[in-house]
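A.B. asks: For reference, the chains in residue letters:
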Amino acid sequence: MNRSSRNHALMGWILILPALTVFVLMILYPFVNSILISFTDRNLIYANAQFVGLENYRKIFSDINTLKLIWTTCKFVFFSTLGPFFIGLIWALLMNQKFKGSEFLRGVALVNWIIPGIAIGFLWSWIFNGDYGILNALLVKLGLLDHNVIWLGGKSTSMLAVVTARTWQMFPWYMAFIMGGLQGVSAQQCEASRIDGANNFQMFIHVVVPAIKPVLTLILILGAIGNLQHFDLINVMTGGGPERATSTFATEVYKKAFKEYSLGRSAALGVVWALLLSVFSGFYLKRIQED
Amino acid sequence: MFQKTVGFKIFFWVFLIMIGFFAFFPQLWMISTSLKPESEMFAFSFFSYFDLSNIVRVLSDSTFLTYLRNGFVVAIASSLFSTVISVFAGYSFSKFRYRGRKSVMALIMVSQAFPQGLLLLSLYPMMQKIGMLDKLPSIVLAYVALTLPVGTWTLKAYFDQVPVSIMEAARVDGSSEWRTMFQIIIPLAIPGMMTIAIYSFVWAWNDLLYALTLISSTANRTLASGMVFTFTGEGGNDWIGMMAASVVASIPVAAMFVFLQRYFIAGLTAGAVKG
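So the protein sequences, as listed, match chains A and B.
The first sequence begins at -9 in this note's numbering and counts up one residue at a time.
The second sequence begins at -3 in this note's numbering and counts up one residue at a time.
Hints listed in this document are in silico derivations from the structure and should not be mistaken for laboratory results.
Honestly, I wouldn't trust all of these hints.
[Unchecked claim] Below, computed lysine-lysine pairings styled on DSSO-like, alpha-carbon distance capped at 27 angstroms: (1) LYS249/A with LYS125/B; (2) LYS131/B with LYS245/A; (3) LYS245/A with LYS145/A; (4) LYS5/B with LYS90/A; (5) LYS49/A with LYS65/A.
Sequences are here, hints too, so could you generate the full structure?
C.D. replies: Below, the structure written as C-alpha cells:
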C-alpha cells in the first residue's frame, strides 16, 4: 500500500468517526446491552441485578398475553401498512394527472405526515370521542348509526380507530414515494399497450405496476418496519387498552419498563420484538443489495 | 398516463372526493375546533367562529412556552449535529474505499430496524449513570443517532452523483483532499443537506417516546411530551385547548415543510430508493 492510498483510507475513517462514535454509543451498545439485560432481573429503580438465565423468556412464553400481544401487533402492522399503501397509491395516481391544484392538494396532504404524532393522536381522539365526537354525530345524522359508539373504549373498535389515525398520518408518505416511482414509467410503453388494445386498468396492471414494483416493495417493507416500531398514536389514543386490545410491542415494552419498572422482563420482550423486526430488515437488506 | 374515459372520470372523482374528505376534513376540524369559544366546544359548527383566544391562552401559559422553547432548542441542535455528521459519513461512504466500509454501512442501515423501545432500556440507565438523565443533550444525542441511517444514506446518494473527475481535477490543481471536500464537494450536496436538516428537525420536534422517558422535569420537557402531561387527567377534556395546542405544535413543521417541500420529498425518496 502506498502512502497516498493509506492517507486516502485514513481520511475516509476520520470522516466516518463522528457518525460511528454516536452510532456505537447510542445504538449498538444499547442494543447489545439490552439483550444482556434480558437475562437478568434488573429493575429500573434498584441497581443490583441478578443473572437469571432464560427465566424472563420462560415467563414470557408461558404468558397467554404474549401470544395476544404478537397477534395484536401483527394486526396493527398489517392494516396500518396496507391501508395507507392503497390510499397513497390511488392518491398518487390522481395527483399524477397534473390537474389544476394537484400540487397544492399533494402538499396539503403531506402535512398529515409531517405534524407531531401527539397532535394527530389528540385530533383523532377528539373525532372518535364517544360522547361529543364528530364521527358519531355524522354517522347518526346520516342514519348509519342509531346510537353513539364508544370507539376508543370498545375492544374491536379501538383497533379500527388507531389504524384509521395511522392511515391518515401515513398515506401521504406512501404517495410521495409512489409519485417518485411514477415519474420513471415510460410514456411510450403506456402508449404501446394502448395501441395493443389495453384499457386503462389493463395498462395499469401490465405496464405501470411492473415499472414501479421496486418502489412498491420498498415502501411496503419500510412501512411495515415503521409500524412495527410505532408508538405515538397508540400511546396517546388508547395507551394499549382497552384490555390490551391495542397493545403492541412498542407500547408493552415501554409499559413494562417505565410503568412497572421491570427492565429484565421488558428487555426479553424487546428481544422477541427485535426478532420479529429482523424478518423485515432481512427483506430490506436483500432489496438494497439487489440494486 | 390514463385515457380520460368515462370509467376513469368516475374513478377520479369518486376517489378525489372520498380520499380528499378523509385527508382534509380532520385537518380543518382541528383548526375549526381550536377557533371556537369554550361554550361551543360540543357544538358541531364548522368554522362558524374565529376566536383566537384559545391560541392566545395556550401561548400565554408559561409552562407551554417552556416546552415550546425546549422543543426548538432540541430540534435545532439535533438538526445541526445530525446534518454535519451525516455529511461527513455520507461523503466517506461514497468516495472513499477502505476495509470495513461495507460492513459499517450495512450495520448503520440495519439499525433502523432495532426497536427504539429496546434501545431505551439501556439508554435510560446509561444516561442516569453519566448524569445526563433529564438533560436536553441526552435526547439530542439520541435523535442524532436515530436520524443517522437515513442521513448518511441520503447524502451518500448525493455524493454518488458527483463525478470522481471533479475531485481528480482539483487534486491536479494542487488542492488538498480536505480543501476539495469543503470548497468543492460539500457545496454540491447542499440540497441533500437541507433535506436531512429538515428531516432531523421534524424527528426531534415530533418524538414522543424518548422525550417522555429520558426527560422527567417540567422545566426540561419538549413540546410533544409536554402536551401529554398538560392534557392528561384534569386537562383531558379540554378539547379546544388540545386542538389549539396541536395547531401551535404543528405550525412550525408544517410551515417549514410547505416552503421547503421540493428539497424534502425529492431528497428523501432518492436516498431510500437508490440506497
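A.B. asks: Does the alpha-carbon distance linking LYS249/A and LYS125/B stay inside the 27 angstroms limit?
C.D. replies: Holds: LYS249/A and LYS125/B sit about 20 angstroms apart, inside 27 angstroms.
A.B. asks: Do the alpha carbons of LYS131/B and LYS245/A lie within 27 angstroms of each other, as the hint requires?
C.D. replies: It holds: about 22 angstroms lies between the C-alpha atoms, which stays within 27 angstroms.
A.B. asks: Decide if the proposed pair is consistent with the structure: LYS245/A and LYS145/A, CA atoms, cutoff 27 angstroms inclusive.
C.D. replies: holds (19 angstroms)
A.B. asks: Between LYS5/B and LYS90/A, is the straight-line Cα distance small enough, at 27 angstroms or below?
C.D. replies: The hint holds at about 15 angstroms.
A.B. asks: Does LYS65/A sit within 27 angstroms of LYS49/A, going by the straight-line distance between their CA atoms?
C.D. replies: Answer holds: LYS49/A to LYS65/A is near 24 angstroms, not above 27 angstroms.
Hint violations for this structure: none, all hints satisfied.
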